[in-house]
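Asker: Read top to bottom, the protein sequences are chains L and S.
Reminder that position 131 of the first sequence reads as 131 in UniProt numbering, one-by-one numbering, no gaps.
Reminder that position 68 of the second sequence reads as 68 in UniProt numbering, one-by-one numbering, no gaps.
Calculated directly from the structure, the hints in this document are not laboratory data.
The structure presented is a predicted model; accordingly, all values stated were derived computationally and were not measured.
Be careful, since some hints might not be right.
[To be verified] Derived pair list, reagent style DMTMM-like, types lysine to aspartate or glutamate, alpha-carbon separation capped at 20 Å:
id: 1; chain 1: S; residue 1: K233; chain 2: S; residue 2: E54
id: 2; chain 1: L; residue 1: K45; chain 2: L; residue 2: D56
id: 3; chain 1: S; residue 1: K161; chain 2: S; residue 2: E174
id: 4; chain 1: L; residue 1: K69; chain 2: L; residue 2: D56
id: 5; chain 1: S; residue 1: K161; chain 2: L; residue 2: E10
id: 6; chain 1: S; residue 1: K8; chain 2: L; residue 2: E10
id: 7; chain 1: L; residue 1: K103; chain 2: S; residue 2: E253
id: 8; chain 1: L; residue 1: K64; chain 2: L; residue 2: D193
id: 9; chain 1: L; residue 1: K69; chain 2: L; residue 2: D193
[Said to hold, decoys possible] Away from chain L, derived, C-beta distances all over 12 Å, residues of chain S:
id: 10; residue: E54
id: 11; residue: A57
id: 12; residue: M62
id: 13; residue: G66
id: 14; residue: I73
id: 15; residue: G74
id: 16; residue: S132
id: 17; residue: M187
id: 18; residue: L191
id: 19; residue: F214
id: 20; residue: I255
By construction, the Cβ of each residue, glycine as well, lies at the ideal position given by its N, Cα and C atoms.
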Amino acid sequence: MASVTLETRENRRAWGFVTPALLWTVAFFVIPFLVMAAISLATRKGRDIVMTFNLDNYITFFEKAHLLKGLFVSLEITFTVTIISVILAYPLAWIIAERVPQKWQRMALIMAILPFWTSYVVRSYSWLLVLAKNGVINNALLHIGLIAEPLELASTRTATVIGFVHFFVMLLTLTIYANLVQMPPNYRRAAADLGANGFQVFWHVILPLTLPGIMVGAFLTFVLCIGDYITPQILGGNNELALPQVIMLQLGRRADFPMAATLSIILMVVVTLAYIACARWLKMERT
Amino acid sequence: MISPRFSKIASWVYLAALYGFIFLPVAVLVLFSFQDGRLPVPPFNGVTLKWYGEVFADSRLMSALGNSLMVAIGSSLVACVLGFCAAYGLARYILPASRLQRGLLVAPMTVSYLIIALGLLSTFNWLGVSLSLWTVGIGHVVINLPLCFAIIYASMGDHQKNIERAARDLGAAEWQVMTQISAPMLMPSILAAFFLSVTFSWDEFIIAFLLSRFDVTLPVEIWSMLRSGLNPKTNAVGSVVFLVSVALLLILELIVFRRTAKK
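Throw the hints in and build the complete structure from the sequences for me.
Answerer: Here it is as C-alpha cells:
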C-alpha cells in the first residue's frame, strides 16, 4: 500500500511541473485557435460580428477572384522561392563541406548567418535600398552603361522572391550542410571503386542520401514563406497581394474579422497538407 | 571531363558570389547609415554620424527599444521557467499520455505567427482585454515556450538523472534537487533557450503589431518609419539593431559554448 501512496504523491508532483506549461498552451494557443475557427463561421454586420455558424465566408473565398488569387500568388511565390533556394544552396553547402578547410567551416557558417541578425523588417528594407529605382543595382547598371533607363525592380514579384531567396538560401545551406557532413566518406569511395565517375557518384549516391535533408529544409521554407507578411508587403508592394497581405487587408481597411479568420484557417490547411505530404514522403523514403 | 583545377576555381567563385549576395543588403544598409545627405542611395556623399544622433534623440524610438527589451527578456524568462518545469516533469516522471503532452507543447511551432496572432486577437477582443505590451508578451511566450521546452527536454539525459537520484538519497527535497542540481547542470541549454527566445521576441513583428496599441516594440516602430520611404535614419536604426543582435550572438557563443567546452 505504501508504494501506491508514494506513486500517487509522485504523480501529483509531476503534474505540478507540467501543468503550468500545458495550461498556458491551452489558454493562449488552443482556445484562441478555436475562437478564431468559430469566428470564421460568423458574419460581419457593419462593425459587429454576428455568430451565424455557416460556411458563407468559405464559399465567398472560392467565389471572389481577388481572394482566391491571393492563395495562388502565395503558392506560386512559395514554390518559386523554394526551388531557387534549393538550387542555390546545395552547391554552397557542398563547397563549404568539401572545399573549405575543416577549421574554417564553422566560421563560414557563422558568417553565412551573420547578416540575418538584423531585424526582419530592416532586412526587407535593405533590399529596397538595393532594388529601388535609384538604388544600388540600377545605379551600377546605369553607370557601366548596361541599361539606359532604370529597371522597375522594387514593388514587383521579383523583389519579393529575391528577398525570400536571400533568407532561405542561408537556411537551406545549414540543413543541407548538416546532411552532407553526416554522410560517411566510405559510400563515395565505394561507388568510385566500383567505377562511377564524379557525376554518377553525385547523382546516384550523394544526392539520394541528402534528399531527406533537402525535403526538411524545403518544408521549413514553404511554411515560413507562405505565412509571411513583411517581405511581400515591403518588397512586393500592393500590385499583387499574397495571402497574408489579403488577410491583413481584411483586418485593417475592411475590418472584416470573420473573413480574416477564414483566410487564416485556409492558410493553415494548406500548410498542414504540405506537412502531411512531406511526412508521408519521408516515411516512404525510409522504408 | 572537367579538370580539377577548373572545378576548384569555379567553387571559389561560386562561394564568393553567394557570400556577396548574402552580405549585399547589410553592407548597403550600414554604409548608407553614414550617408551625408537625405537619401540612403548612391552616390555616397561622405561620412556623417548625424543620423545616429537623430536615432538616439528620438524619444519614440528609444522607448520602443526599451519596450522591446522588456518584452523580450520578460517573455523569455516566463517561457524558460515554464519550459524547464515541463521538461523536468516529462523527463523525470512517467505520466499518462506523455506523447500527447509533448505534442501539445511543441504544436505552436508548426503554426504561422500570423495565425497565432489572429487567434489571440480574436480572443482578447471577445473577452474585452485591451491590447498592451502585456498581450504582446503573452503572444511571445506562446511562440517561445515550444522552443525552450524542446531545447531543455532534449538535453535531459540519464547521466543527470543518476546525480539527481544521488542527491535525493542524500536527503535533498524535490525543489532542492531541481534548483541546486538539475538547473545548474542544464544551465548551458537553459541559457541557449533563453537567448534564442530573446532574439526571436526581439525580432518578432506580426504578433507585436497586431497585439499592441499605444506602446509598441521596436520592429513595429521601424515599420511605421518605413512609411516615409527611404531614409538614412532608418538605416541607422537598422545598423544599431544589427549591432545589438550580433552582440547577443557573441554573448551566447561565449557563455554557452565556453561553458560546454570547459566540461
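Asker: Checked against the structure, which of the hints given earlier come out wrong?
Answerer: 6, 8 and 9
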